[in-house]
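Visitor: One line per chain: the protein sequences are A and B, in this order. All the letters of the first sequence, read from the start, carry residue numbers 1 to 337 under the working numbering. All the letters of the second sequence, read from the start, carry residue numbers 1001 to 1427 under the working numbering.
Derived from the structure by calculation, the hints contain no laboratory data. Treat the hints with care, since some could be wrong.
As the list claims (entries may be wrong) - As a list, the in silico BS3-like pairs of lysine-lysine whose alpha-carbon atoms are at most 30 Å apart:
1) A:K291 <-> A:K110
2) B:K1129 <-> A:K330
3) B:K1053 <-> B:K1283
4) A:K330 <-> B:K1132
5) A:K330 <-> B:K1130
A quick note: this is a predicted structure, and the numbers were derived from the prediction, not measured.
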Amino acid sequence: MAISRRGFLKGVAGGGGLLLVSGIPLADARMSTQLPPHAVGILYDATLCIGCKSCMVNCKEQNSVPGGALYKKGMTAPPYENGGVPGNNGIWDAPQELSGKTLNIVKVYKNGTAEKKDTAVNGYSYFKQQCLHCVSPACVSVCPAGAFRKDPENGSVYYLAERCIGCRYCQLACPFGVPRYEWDSAWPEVRKCQLCRHRYAEGKYAACAEFCPTGATIFGKVVDLRNEARYRLSLKPGTEYDFPIQTVDSTEKSRRPVARYADGVYGLTEAGGTQNIMLSGVSFELLGFRKNIPHFDLPSLTWAYVRKVLWVFAGVFTGGTAIYTFTHRKDKEESHD
Amino acid sequence: MIDTTKYVGPKWGGVINRFMADEYSLSDIDATRYVGTKLGGVINKLLDDTPSKDLGIKMVTPFTLVLVALIGLAAVVAAYRLIFGIGAASNLNDLWPWGLWIGFDVLGGVAMAAGAFLIAGAVYILNWKKYKCIARASILNAFFGYLLAAISITLDVGRSFVIWHPLVMWQVNSIMFIVALHLVLYLTTLGTESSPMVFEKLGWQRALNFVSRIMIGAVMFGVALSLLHQSSLGANYLIVPAKLSPIWYSHLIPYHFLVSAIMLGLAIVSFETLLTGKVFNHKPPRDVVEGLARGVMIVGSVYLVMKVWHLATGPGVGAVLDGSFLGNLYLIEMTVGVILPLFLLSFRSVRTNLDRIFVVDILVILGVLMNRMDVGVFGVSEFASRSGGDYFPSMMETTLTMGMIAFAILGFKLCAKYLPLFPESHH
């Protein structure tokens, strides 16, 4: 070798040290599992939903302005979908699924004669799909370019298109299957509910809650929403209750009997907890919300791997140097290759 | 050979005939006439194929023409994909965001490159001189494997022109970030490790000295990067416990990927040594191939134990024996890639017969590539189809993948013809 062993060892030690030093900021990089201080979210109570889809219409309207989650430069109208419905001809909006054009969707569950609302057998129920704004979001943790962020204050999970490379790892990682892609675009973006961040910044709140006529969707602080949900669960089915409308602390109420809730609150522990939570009269599994979703923060699964990375470098360089010194002790005099 | 003078007249027919008969050589061209003396001299030196004449590599063969055609088609597909977007070119959808390009080109291509760090480590760090004769070929092979992965991922991401973002917009929680960083660093490392061939040919002694001075460091860097990269491709799937079938999902999936990639890497190096021995006039070194076969046997046994352990502690043996689609895929993958090769290698008559080792290598390669497809494409099918998703690669996806494979084969062949790939054959 043309290089002296001492010089080589010095180089290796220096490189390794540099790696370890540069690794120190890693300690702060781990994702938080705590609810942000002013976390806000949505409580959707399927037993109050009448399936009017006002939330869907207004979600599109309000997010198609600059700053909104559906906005694209030069856009003049909300991005409508005909949903493949025959005879529609693009006259009215008919999305069938969440998509690059639809951030929230109300669907219906039907069984048998579908007579009774909020009943699993021979009944029906509405349900709403949208981003649940995880406390510790998988999409944020997997994005290689930091295009997904979680607001440190209000906890909304949002997207920065200018960073996105379009790898779609967020789609794979999201346990709820929420992020959608603009497959028909040559320069696509990922689309999902961003909790009307642009409206919150103006002192308003999520459009789906503001335009919900029955109080099925209400906006508020996550702590208050959780208490509200737990309180509803504790009430005896049939008793009259003043359900708040639009926001959890609203003075406007709608008095009606409490329905029989099937499961607990959805979103307390799912994927380590979510800021949007749900109540329903039909079990969430029947509504298509999967049962096998882990009840812990998903990013911890990858963190267990990431934290070992620098040690592999350190190990290989120290071990490699030791082995190299040992195996080459005899051909010191040999010329280099 | 067809006599084309019958169809296009004696003048052009004569040229085409001579071309088809491989009577032209790139070394006949004097590049100094076109690009000036300095650059032309360099090109002339590079295109001089006299040192590898004894390998007897013919460039114009029907096979090469097919490869060129496939690469041409793939280039058209790539252009279409870049202009019209990922949705227009592929059958991927919201419930099935990753398909053939990730499953085969990226996961498979990178796994196929694992041979390089093992051979480089064995030669340069462990000082196992016996493997030196295949070091260049296996590093070059890895270089093409990674190039295949890099080009495919560039076309797979929706915004190909900003694929460099992760390099400057760090997000250390992301396995994909680590994968991206490793891809770039390791391609550079492989380029460095391969560069002596080029410098040697050009006679650039100073560059050669410089590379040989940093070689040990580069090899160690390559070993660390490979250990991490092979395992991090598996670690990509750590975050999807609810989506990837429990038949494959495991907290140990990074290690499953690493160990199977090592097994595949050894098999590929052996396969390629034997294959070049078959198609070029070049005798494969027997002791090297036998050593590699022993390696496959040892690593394969470790992998088998890991997989059996996973099955026993995780989904249970019943999960793969229930006749389900995924269960059957698992059984095929394990039988072809692990159980059958280990069974065959347990016979001395197989371990010492180069043709039989060749068959075992092919089995291992098919099995591990199938594993990558199982994890990358089929493993999420239960989740996707329950939500109404469906996926089958489009013609364009398939064409691009085939073009990429053709590119790797042709690239390797060109390098074998124009670079000192098998140093021992020049004695």
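Visitor: Does each hint hold? Answer for all of them.
Guide: Here is what the structure says about each hint:
1. A:K291 <-> A:K110: Measuring from Cα to Cα gives roughly 19 Å; hence the hint holds.
2. B:K1129 <-> A:K330: Holds - the C-alpha atoms of K330 (chain A) and K1129 (chain B) are around 13 Å apart, at most 30 Å.
3. B:K1053 <-> B:K1283: Holds - the C-alpha atoms of K1283 (chain B) and K1053 (chain B) are around 15 Å apart, at most 30 Å.
4. A:K330 <-> B:K1132: Within the cut-off at roughly 18 Å; holds.
5. A:K330 <-> B:K1130: 16 Å, holds
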